[in-house]
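A.B. asks: Given next are the chains, with one letter for each unit.
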Amino acid sequence: MTEVKDIIKKENLVYSKPKVLTDKVFHYCPGCSHGVVHKLIAEVIDELNIQEKTIGVSPVGCSVLAYNYLSIDWQQAAHGRAPSLATATARLMPDKYVFSYQGDGDLASIGTAEIIHACNRGENIVVIFINNGIYGMTGGQMAPTTLEGMPTSTSPYGRDIKLAGHPLKITELIAQLPGTDFVTRQAVHTPAAVRKCKKAILKAFQNVGQKKGTQFIEVVSTCSSGWKLSPVKANEWMVEHMFPFYPLGDMKG
Amino acid sequence: MAEYRLMKGNEVIAEAAIRCGCDGYFGYPITPQSEIMETLMLRKPWEETGMVVLQAESEVSAINMVYGGASCGKKVMTSSSSPGISLKQEGITYIAGAELPCLVVNVVRGGPGLGTIQPSQSDYFQAVKGGGHGDYHLIVLAPASVQEMNDFVELGFNLAFKYRNPVMILSDGVIGQMMEKVQLSEYKPRWTDEEIKKISGTWATTGKTPDRDYHVITSLELDSARQEKFNHKLIEKYKTITENEVRFETFDCDDADYVLVAYGSSSRICQKAVTLAREKGIKVGLLRPITLFPYPTKVIQDMTKHVKGFLAVEMSAGQMVEDVRLAVNGKVPVEHYGRLGGMIPTPNEVVNALEEQIIKGK
Numbered sequence: 001m002t003e004v005k006d007i008i009k010k011e012n013l014v015y016s017k018p019k020v021l022t023d024k025v026f027h028y029c030p031g032c033s034h035g036v037v038h039k040l041i042a043e044v045i046d047e048l049n050i051q052e053k054t055i056g057v058s059p060v061g062c063s064v065l066a067y068n069y070l071s072i073d074w075q076q077a078a079h080g081r082a083p084s085l086a087t088a089t090a091r092l093m094p095d096k097y098v099f100s101y102q103g104d105g106d107l108a109s110i111g112t113a114e115i116i117h118a119c120n121r122g123e124n125i126v127v128i129f130i131n132n133g134i135y136g137m138t139g140g141q142m143a144p145t146t147l148e149g150m151p152t153s154t155s156p157y158g159r160d161i162k163l164a165g166h167p168l169k170i171t172e173l174i175a176q177l178p179g180t181d182f183v184t185r186q187a188v189h190t191p192a193a194v195r196k197c198k199k200a201i202l203k204a205f206q207n208v209g210q211k212k213g214t215q216f217i218e219v220v221s222t223c224s225s226g227w228k229l230s231p232v233k234a235n236e237w238m239v240e241h242m243f244p245f246y247p248l249g250d251m252k253g
Numbered sequence: 254m255a256e257y258r259l260m261k262g263n264e265v266i267a268e269a270a271i272r273c274g275c276d277g278y279f280g281y282p283i284t285p286q287s288e289i290m291e292t293l294m295l296r297k298p299w300e301e302t303g304m305v306v307l308q309a310e311s312e313v314s315a316i317n318m319v320y321g322g323a324s325c326g327k328k329v330m331t332s333s334s335s336p337g338i339s340l341k342q343e344g345i346t347y348i349a350g351a352e353l354p355c356l357v358v359n360v361v362r363g364g365p366g367l368g369t370i371q372p373s374q375s376d377y378f379q380a381v382k383g384g385g386h387g388d389y390h391l392i393v394l395a396p397a398s399v400q401e402m403n404d405f406v407e408l409g410f411n412l413a414f415k416y417r418n419p420v421m422i423l424s425d426g427v428i429g430q431m432m433e434k435v436q437l438s439e440y441k442p443r444w445t446d447e448e449i450k451k452i453s454g455t456w457a458t459t460g461k462t463p464d465r466d467y468h469v470i471t472s473l474e475l476d477s478a479r480q481e482k483f484n485h486k487l488i489e490k491y492k493t494i495t496e497n498e499v500r501f502e503t504f505d506c507d508d509a510d511y512v513l514v515a516y517g518s519s520s521r522i523c524q525k526a527v528t529l530a531r532e533k534g535i536k537v538g539l540l541r542p543i544t545l546f547p548y549p550t551k552v553i554q555d556m557t558k559h560v561k562g563f564l565a566v567e568m569s570a571g572q573m574v575e576d577v578r579l580a581v582n583g584k585v586p587v588e589h590y591g592r593l594g595g596m597i598p599t600p601n602e603v604v605n606a607l608e609e610q611i612i613k614g615k
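Listed in order, the protein sequences are those of chains X and F.
For what it's worth, the working numbering labels the leading residue of the first sequence as 1, then goes sequentially.
For what it's worth, the working numbering labels the leading residue of the second sequence as 254, then goes sequentially.
Chain F with its partners taken away, still in its complex shape (with noise of 0.2 angstroms):
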């Protein structure tokens, strides 16, 4: 029997990490997001499926027990927001160059700096093109409901494993602060020891035992040569990745003039717009990205000989439409429309900028 809750995002990703068998979860508080940890601790599921949940020193701390963790084979996983984050850089990218598969969830505030508690668009940059120092990339997966926030964690973990590589969901305080229904996922045990060894036993830190040479979890590597390959190794990966999990929705792109790119909250409002919009004649579609690594650029590169015009619409200065740009290389015109500071545009807002930026534009 499927099973159906009135959650917040932030208390599903809490839920779904537990159903989904995750061994550990290491985090620090920080609004909007400090709801995660709070569910777990209620939780108790130390008691009941034996998982780890602690509360660190700080999110710098949090982000290398998760590397700890991860060399272990585990399942593991930290949160925070958009502060957080930035102090979890460090971290996330040892994690990458040791690649090493774990799950990170920013529930994004705006910025620079402290900024403010409301929600923001404002660190697709850092998420998606690398945050961390290094040649590295994140696989992102971008949810738009509270659905999502409780799909995208299996999701999240089978991807980590499957390229070895640290997958972060790139959800805002809309998403991880509202209500809505949600099927929670079927209880799934955590691995036992045997599975992990089959899973993971070429790499992870379980313990040398005989039949195996020793394993060493490092992202350093002193010789040039060796390292420039490890690069091309990862390039390689990246790019099986973008061949294999691009993710994406569309909405009324068929007959469309004009096409709406979004995610995550900004792709609820533009779902709106679309109709708000059509309700006036204009023919508008959006298109919503569901992984922004890999971005669906091939998606927007065909809809370039049928469209006119493309409107990015996040809540940031704009970061997401320079990917729209390099996919559409000058066909057509793509403009940027957002809210910034914790502002959410309205619908109505975001037909007003299609028709200023891009109808009468041109």
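Okay, chain X solo, but in the shape it has when bound (with noise of 0.2 angstroms):
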């Protein structure tokens, strides 16, 4: 019978951690969405080699621990305020590759200001941005990214247009900002996701070294816990209610 040690051969190896990822436990929740962004952009990361010269913003909400999970400097912003950590990190040190990691109530809603002049003043800055239409970490609230519709503890009949108003297009507006370079949406719940998204990741990283001005990469996320479905159920209800109202694709660069 062939033993385990025996497979574990250099030649056998078809994928091994990126290295910028720690060994520590996630703290995410099952079926979570931040746990495979964070992956991919470890894997870039490693791809380009630019560990010594990669500065990452984290915000507030589920992500604020990203920094326990990639080997890379970090600095832990205030609420919506990543944006301008990262605007000064990035013309202090303009030879760093600088990305803000940010939620849709970080960056959406108490973040709105920050991240409209950030990206109107095109820095040359990855922003990642995570909307899963809910804040996650104080318990599924409304988020200004939730559907009409769509039950939270704080919309707890369904988010009401009239008391309300609308679900936030961010990534729309944004993409009308002269200042923005390259400005995408896209989504981690199929393996063929997983790698486009990869690839939008790698392109943001790259044009930042290029100097090219901001980079936008909005993550259609999941968050099982907040909206109260398995992980399976989760992506299926992305796919036929988030996907509607926040296409993917490309929508600049």
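Don't read these hints as lab results, they were simulated from the structure.
Quick caveat, the model's predicted, so the values are computed rather than measured.
There could be a bad hint or two in this list.
What the hints assert, rightly or not - FRET-style restraints, in silico, Cβ to Cβ:
{"hint": "1", "chain 1": "F", "residue 1": "Pro365", "chain 2": "X", "residue 2": "Gly139", "range": "31 to 37 angstroms"}
{"hint": "2", "chain 1": "F", "residue 1": "Ile452", "chain 2": "X", "residue 2": "Val14", "range": "52 to 58 angstroms"}
{"hint": "3", "chain 1": "F", "residue 1": "Gly387", "chain 2": "X", "residue 2": "Val14", "range": "26 to 32 angstroms"}
What the hints assert, rightly or not - Below, simulated PhoX-like cross-link-like pairs (lysine-lysine); rule was C-alpha separation at most 25 angstroms, straight line:
{"hint": "4", "chain 1": "F", "residue 1": "Lys451", "chain 2": "X", "residue 2": "Lys24"}
{"hint": "5", "chain 1": "F", "residue 1": "Lys451", "chain 2": "X", "residue 2": "Lys53"}
{"hint": "6", "chain 1": "X", "residue 1": "Lys39", "chain 2": "X", "residue 2": "Lys162"}
By construction, the Cβ of each residue, glycine as well, lies at the ideal position given by its N, Cα and C atoms.
Grab the two chains, each in its own frame, and use the hints to assemble them into the complex.
C.D. replies: Right, dumping it as structure tokens:
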């Protein structure tokens, strides 16, 4: 019988954990998209060999602890302010690859001014925008991106447009700004989507290396806990409800 | 050769920043301090020293740019006036919690709310007692002249980096707007990457190199026991600062029966008041705190042995007077005299207040 140790050989290796991904166990819930996106960023940093040159800015929200998982230098911003930290960091150290990692509450609600102006100035940074239509960390409250009719703990009868206004398509807004170079909307719910999303992240980091201006990647994501669905059902719900309102694809660049 | 100029206090802040090797200024316009960013934009230091100057979309964003820049071990600063400083409090408490060095200039105007654009000293509590949420302190410097607006920029950065703590220059509309002769500082080059590594290499986010673990700038600690330990570490730091960094000046205090306590522009008015009072035969001195945190508490305690009363003079409803009272601890009378809303007290008013509130009151 073949022993496992006989299979673990260099020539049989088809995949290994990215070097910059730490060994810490993700605190994310099962089915959450954050872990996949973290891994993709780690792979891109490895492939471009830019660990020494990459500075991440983490938000307030579920991914506040992103700094536990990627062994690069990190700054942890106040809620919504990551683009401001990234702005100063990129301007003061122009040879670095600076990225902010933000959720929809962070980027599209409390940090709307910061993201719009950073993008409008064309700051040479990558923005990773995780949009799951809900506040995950605080326990499933309504986000600026929550769909009409979608129940959350602060819209228990479903988002009522008359009461709470419309879900905000901030990526469409950002694509209009002359400072942005590459604006795209991705997802990570299937192997094919993961590969496409990684390609977009790779392109964004390469563009920052070439000082092309702001790179903006929205990842439409699941929040099984907030949506109160199993991981598989959450993926299905996302395809059925989120994608029609937040269609995937490149908007610019 | 020393270089002298006639300049506004606000202009001097900008000039001093360029000359002391500041890496970045991030601001938002507000009266009465807009000349700081205007002077910088006119001087174009990015062509001269490589200093970054950026007009942010808000005071909130400006202080968070400072947070990002300070995280990189850079000498960064912002400036504003009272309503804008209120907006910056979120960023300031994060910077204090992440133990980062930076310089914040507040050219104070009257409040509350939008208040007035005229000078005031009504932000003392905010500057000295915390301002934002959580247990923290800024090191607070109170300039009383245009010369000190120049000198405290470099001093502020030195203290900020020595203690990894945000420093505030608590000025006011008088000092910011008035013109005086100033001896400008010598030019110092900005720190090189190597120098930054030497000074802040144990914590700054300059990119993870193979010779070290990765750096995280954060003020988050979810474990209560560890957060408490960190809070105690901060308290120890503030104790060290209090032991080593108290700065003050006294005028005619040696034989004084009464002492005026005043900082910033009020102290300039009080100098004249001391002269007027002495002409009347009243033995008055002046204590001018230069650092408001740490406060010259011990100096006041020592004075209570021979002084019959203190009058705190400030352009507020009575804020610093509380620190005088804490120091005096009931041993002799302590009173407050202040003008509000942008009104500036005259030396005669101060002498009258001393006679009415302290001498006759006694």
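A.B. asks: Looking back at the hints listed earlier, which ones does the structure fail to meet?
C.D. replies: Going through the list in order, the structure violates hints 2, 3, 4 and 6 and respects the others.
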